[in-house]
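Q: Could you slot chains B, C, D, E and F onto chain A? The hints should help.
Chains as they are written, first to last, in our numbering: chain A, 2 to 294; chain B, 2 to 294; chain C, 2 to 294; chain D, 2 to 294; chain E, 2 to 294; chain F, 2 to 294.
Treat the hints with care, as some may be off.
In this list, chains with the same sequence are indistinguishable; a pair is considered to hold if it fits within one copy or across any two.
Listed below are the simulated SDA-like cross-link pairs for lysine to any residue, each with C-alpha atoms no more than 25 Å apart in a straight line [claimed, not checked]: (1) LYS180 - ALA104; (2) LYS246 - ALA267; (3) LYS246 - THR146; (4) LYS180 - PRO15; (5) LYS246 - ARG74; (6) LYS248 - TYR139; (7) LYS248 - LEU178; (8) LYS180 - ASP77; (9) LYS180 - THR146; (10) LYS180 - VAL100.
It is worth saying that the hints were derived from the structure and are not from the lab.
Read off the chains here:
There are 6 protein chains.
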Amino acid sequence: MSVPADAAANPVVPLYPILYEDFVRRALAEDLGRAGDLTSDSTLPPGVQAEARMVARAAGRIAGLPIALAAFRLLDPAIEIEVRAEDGRDVEAGTVLAVVRGAARTILSAERTALNLLGQLSGVATATRELSALAAPYGARVVCTRKTTPGMRTLEKYAVRCGGGHNHRFGLDDAILIKDNHRALAGGLRAAVVRARQTVGHLVKIEVEVETLAQLQEAIDLGVDVVLLDNMPLDLLRQAVALAKGKCLTEASGGINPRSAAAVAATGVDMISAGYLTHSAPALDVALDVVEG
Amino acid sequence: MSVPADAAANPVVPLYPILYEDFVRRALAEDLGRAGDLTSDSTLPPGVQAEARMVARAAGRIAGLPIALAAFRLLDPAIEIEVRAEDGRDVEAGTVLAVVRGAARTILSAERTALNLLGQLSGVATATRELSALAAPYGARVVCTRKTTPGMRTLEKYAVRCGGGHNHRFGLDDAILIKDNHRALAGGLRAAVVRARQTVGHLVKIEVEVETLAQLQEAIDLGVDVVLLDNMPLDLLRQAVALAKGKCLTEASGGINPRSAAAVAATGVDMISAGYLTHSAPALDVALDVVEG
Amino acid sequence: MSVPADAAANPVVPLYPILYEDFVRRALAEDLGRAGDLTSDSTLPPGVQAEARMVARAAGRIAGLPIALAAFRLLDPAIEIEVRAEDGRDVEAGTVLAVVRGAARTILSAERTALNLLGQLSGVATATRELSALAAPYGARVVCTRKTTPGMRTLEKYAVRCGGGHNHRFGLDDAILIKDNHRALAGGLRAAVVRARQTVGHLVKIEVEVETLAQLQEAIDLGVDVVLLDNMPLDLLRQAVALAKGKCLTEASGGINPRSAAAVAATGVDMISAGYLTHSAPALDVALDVVEG
Amino acid sequence: MSVPADAAANPVVPLYPILYEDFVRRALAEDLGRAGDLTSDSTLPPGVQAEARMVARAAGRIAGLPIALAAFRLLDPAIEIEVRAEDGRDVEAGTVLAVVRGAARTILSAERTALNLLGQLSGVATATRELSALAAPYGARVVCTRKTTPGMRTLEKYAVRCGGGHNHRFGLDDAILIKDNHRALAGGLRAAVVRARQTVGHLVKIEVEVETLAQLQEAIDLGVDVVLLDNMPLDLLRQAVALAKGKCLTEASGGINPRSAAAVAATGVDMISAGYLTHSAPALDVALDVVEG
Amino acid sequence: MSVPADAAANPVVPLYPILYEDFVRRALAEDLGRAGDLTSDSTLPPGVQAEARMVARAAGRIAGLPIALAAFRLLDPAIEIEVRAEDGRDVEAGTVLAVVRGAARTILSAERTALNLLGQLSGVATATRELSALAAPYGARVVCTRKTTPGMRTLEKYAVRCGGGHNHRFGLDDAILIKDNHRALAGGLRAAVVRARQTVGHLVKIEVEVETLAQLQEAIDLGVDVVLLDNMPLDLLRQAVALAKGKCLTEASGGINPRSAAAVAATGVDMISAGYLTHSAPALDVALDVVEG
Amino acid sequence: MSVPADAAANPVVPLYPILYEDFVRRALAEDLGRAGDLTSDSTLPPGVQAEARMVARAAGRIAGLPIALAAFRLLDPAIEIEVRAEDGRDVEAGTVLAVVRGAARTILSAERTALNLLGQLSGVATATRELSALAAPYGARVVCTRKTTPGMRTLEKYAVRCGGGHNHRFGLDDAILIKDNHRALAGGLRAAVVRARQTVGHLVKIEVEVETLAQLQEAIDLGVDVVLLDNMPLDLLRQAVALAKGKCLTEASGGINPRSAAAVAATGVDMISAGYLTHSAPALDVALDVVEG
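Same shape as in the complex, but just chain A:
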């Protein structure tokens, strides 16, 4: 496992539109409602053209630009789109991310949907980049969780990648994560791990949540792939890392934030995970400036 190179060396692979176009269509439909854009439809003279610049009002890491721009395209294929920025890159406040040209009506009708998408996803990316920068010096990866906005798992996981982070499980079905409840209800960790191995496919990794060194040792003895060191004080965390070194990967979680991240990463854990990246990161401030009628 290795920490990702910087964005320049390791460009983010774009999502296939088939993975987000229906989502964007639903977002547009949610805003247009049954009657469409009453304001633009009634106030703009027919045929008015406009040019508008999508701008980052604050500095941050961009994520979701092609997704946001799809809002214009899906509303009106005749809109011209000039892309000036790239997902996975940092921008300064004031950077023009894209320029759209075409019917003023379309541009104003799609504006809010596009900005909501871009602001939300860039907010996730920006928070992830901040945390990654703190963890990287120690060789620790930043990973997200399943604490995502309902309906946006694919997009928010993508935004995490744009922020230089890595993805944890995408759902309940792509890896095993044995938590304390599973352990208790299964009659102990050994029983849980044995049953899991007997049942699931050969490409499914097993991660186990542990809270004590004794639990950690048991997990190591069972040969699990990853241990989730949950809410451990830094001192205990260091001991856990030492114990696990070379035997399984280590992930620290619980109270990870920009204030704590460096100290946690410095313990030598392989990964630090944080739910706030997807459930509480503030949106990046983005806007659309109409520059010409």
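A: Chains B, C, D, E and F alone, transformed into the frame defined by chain A:
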């Protein structure tokens, strides 16, 4: 127009399930993926029952409890649900919001979806309640914007109501909001307002964004219903309120947050609106404690 | 409020295709079923081309032409479409509305879906235009209701606009309309209006149904935006209009039809509303003439 | 082929809910929009119960009662529904068709959707029954066409059966209907019929549109199952019926309406078909009377 | 009724994309999941182009080529597709069916979806062609059943046509097939047929399953269109065919397979039907060879 | 990794209905079409009840029984269902799997959909069980592939588990499988593996397809989790297994079938994978016997 009474006197009207069940189903499906909950399915012995408590880890205003609990019900109609809290009420940290009983497998499989829904919506409600408390002494309403999470407009607007706030437009189609771009592209405010009145239905109100007192006076002269006083310094805001008093409703926006809200409300505006309530409010910390196997 | 200028001065703003393409796709799929067009597929030699003219067999007001033509385009993007008429305009019997050229198979397979859409929507527009012509001399607007064909609210409201009418509420969520049942169950009109104002957003207008002058006076005193004068005899209607003049808008409903419309409009009401425009207007007779193989 | 017995002897077979529940859900969602029923939600005190009677304001043939009532049930499973009428039966003006009891809010929120469904479908059934009564003395069946409201094919065809009519094709894929365009483009009727027989399954009947006796003779010689005698004068129609007797079924179409139906049926045709039954029948006047709070 | 000419003379009519594109999109989405193609996305350098050949590894009858190729197009409209084969034709092992050129990533991501579609449908066509070849010398048609893969009725019925077979019913709603259960529950065949004729439309044929000559005679006397001779020994089948000759069509079913088909067809039945064509035919072995990076 | 215990010791975990109910609804809708079950609706007298037994006509391994029975329940919640067998168990020919009681109409309308689901999935399970029995003595697991029926990935993977097999990847997004094309386009295996590790999450395993011992050694040196030994002769396979022993898991693929399985398993590979289990397994013969009217 009047500021809402407190929650006890003015209970939140629940959403019809038809307005959110498909959303919850999609959220569950997003987490279960193609293979379902590999961990619970493989580690739990068949037939294990459990009881779990949904708990607020932090104090806050609850929103979305019936929506979150639908995750359990939609996965397994046999789950027993005991509701102990109510949307639109404040709870202390540690409050048990609901107790669910039934198949341990179902409870653990639905857990994350339920918590994501409840945490996100209660986060919106909690931020709204905080702002409302600051604005209420001055008789100002807190209103939300269209800067919502894509796909969650109905739910987040509901959460704003749970927080004691009021809703602004639900979309582009339920009111007219003439912003500077419309004004410019329409050839002036008068032309825009005249065209709008000529075109749209008799139940559509007209709000106009203004930045100067001259613009405000023009809007008043045109008889618009509401003016959006955007990013005005407090002093200018006070003058605007005085000018508009008795002629149209006034809404202040731009940089509204818990630090600025009281001062803005003190200017006498009828409403203060804030996008961060829906796009950047941190999730409320909620958890599920399995208490018994 | 003002009566719309004629169609030439006030062109109908087209719907974004995103608001109807799924509906047209479902209509096509409903006709094609599981096996497609057995007749055309089996009888036409491969590769046969055709040209066909979409014609109005009767005089009327056109609505839905781009929607109807989408049926050809969605079935086969290679179909050439020449549009010769415009939504919101009157046509004589025999007018060619559009010419389509391409695979004969596609043209015949999409024919019925296209005609059903155009005929139904132009029927609504034609009935609306007829009523509008009767009301216009008195300065009264014609407005539609929520008595629309299930699933076609957006399209039929659009057709009403094409007919020179105006839209009433699009649904239960874009304005308040307090009817007698609400009044009775709420414990009187005052209680109902107070609760409504306390609860809903500042951009929501309130309309109240009244049947007597006393009720009308109460509504005026409460400052409601619009009164719905339901089923009032002409004489009472005139008194109501006089009472409401300058205080709120007046809408007459109940038994409005081409025979009664002028007399009702002559009372001075601002609007007359009629459910039959959307639930019972006969379809306009439109046809597709294949002119060349 | 035989004319259907009266409704009492030949009850209409109800549709499986799986064939209409999604349609009713979409209709409800279309009316509730994003915010739900603002009026009922804001004006009604919590917990108010009501009883309401669904009433036929005019005499007619009922169709769609279970479909309309599903609107209440799908909004709130706790609503009690007492069904007092039956699809496929005639009712007098004033007849109570069903009584619903439960939350006043639900009853008022579902009212319009339920009435729109019932009114539209009963309108189709009533028009069909009227035509059937005229045709029955001559042993002729009334059949509908594919000129249905987009999205409502299944429901309107059902309403035709409720009206005592019979269904023509449900779509392009359940029978062959060779019209003049097919004949011309295929290079003659013989070529068309031969190709059709060679291609389609053994359970697909072939109907051919004819306008002259020569065309009719050609169709008979080719052994087609049904001929569509389009727009023939009565005299020609009688000759056509005589020629076809015992060789194929005869269907008359074109200008069939209550004024012409008896005369056309009297020619001895097996069926008369009319598009207006589904595209232009006025809705039956139905209402919901709230009788008790 | 006539046996179809060979493929060259009777080309298969292609399905409209509207009938399968959603199915292909769902198939792609099912394979891409929430994260997309991890392997291609992570291992391929950005911008790598490729050319790939879709090849038949075994000889067979092709069906579904345009459907399979839609997988590439729907994932990325920029993929170039060169079609080298045609549905409804036989190919040798090794035949290149199509060449696709474009982003290597797209080609590899769509590969499995495309091959699954093509392999499954060509498997159906190949099995059908084999059976058709055995039945054709005796003038018997091969027909499929409703024993299709859930969700693939339209596509598998099309594949049967590609194999030179004919389609039986597409569902429960396009023809009557009275089986022994219906006969028993209806109180005898006569009652069943009379009720059916009284009820259903004039374009619905009636087929009756019979097991004895007495039942066959009863069906003939009732004038049914087709008899299904189920599981009859060859000798009995021959007698049945003799009895039915010129009175109704005959379809043999039960245990039809390549070993029995010729003997059954030799009895003179009009059709032989076999469920295995759609539920148990092995997929045709097709592959994608990447020829150039 | 261990071979699964027999079915008695290791019961199959049922799928949540949310994972298949929409699929069953679509399958029912596909069969009912627009008009429903013409035969049952027209021939059965109203109110006829029936009891029917779902029976295995051939011996096999059952999969999908709850899924098949959902067809009855979703069509009519009043149908009584008595389940007599269990997914993941073997049954003899003639075994009654379930008894359904209720409206004869519902039972006959749902019959084919239920049987198609059960037959198809039990066919997959039966083929898997056969292969598993051959591989188990050698401690080898049987695993499936992504060569599944489009739209049925979740269900067929479940059927494989019912057959005692294990699941390979569910899609392109839950594990890395580097095939020869990826290797070539990435510039060699090392580059591919390094890029993959750098990019994807820590719970994603890497499998590599190898064809020679040199490739195998390279994969082992890179520390991959699993090697896919594709189309190797038995002798080479044995050498590969010896080389990989203790270093990574080994999966044999290519031409695995009941004739070859034991010999391949005897080489000591950990897994044998076979596409035919899902794309070409014949359906199990199941039927519905109506026993009582």
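Q: Each hint: holds or not?
A: Against the structure, the hints:
no. : hint            : result
1   : LYS180 - ALA104 : between (54 Å within a copy, 17 Å between copies)
2   : LYS246 - ALA267 : within (14 Å within a copy, 37 Å between copies)
3   : LYS246 - THR146 : within (23 Å within a copy, 35 Å between copies)
4   : LYS180 - PRO15  : between (33 Å within a copy, 22 Å between copies)
5   : LYS246 - ARG74  : neither (50 Å within a copy, 43 Å between copies)
6   : LYS248 - TYR139 : within (19 Å within a copy, 29 Å between copies)
7   : LYS248 - LEU178 : both (17 Å within a copy, 24 Å between copies)
8   : LYS180 - ASP77  : between (48 Å within a copy, 22 Å between copies)
9   : LYS180 - THR146 : within (14 Å within a copy, 30 Å between copies)
10  : LYS180 - VAL100 : between (48 Å within a copy, 20 Å between copies)
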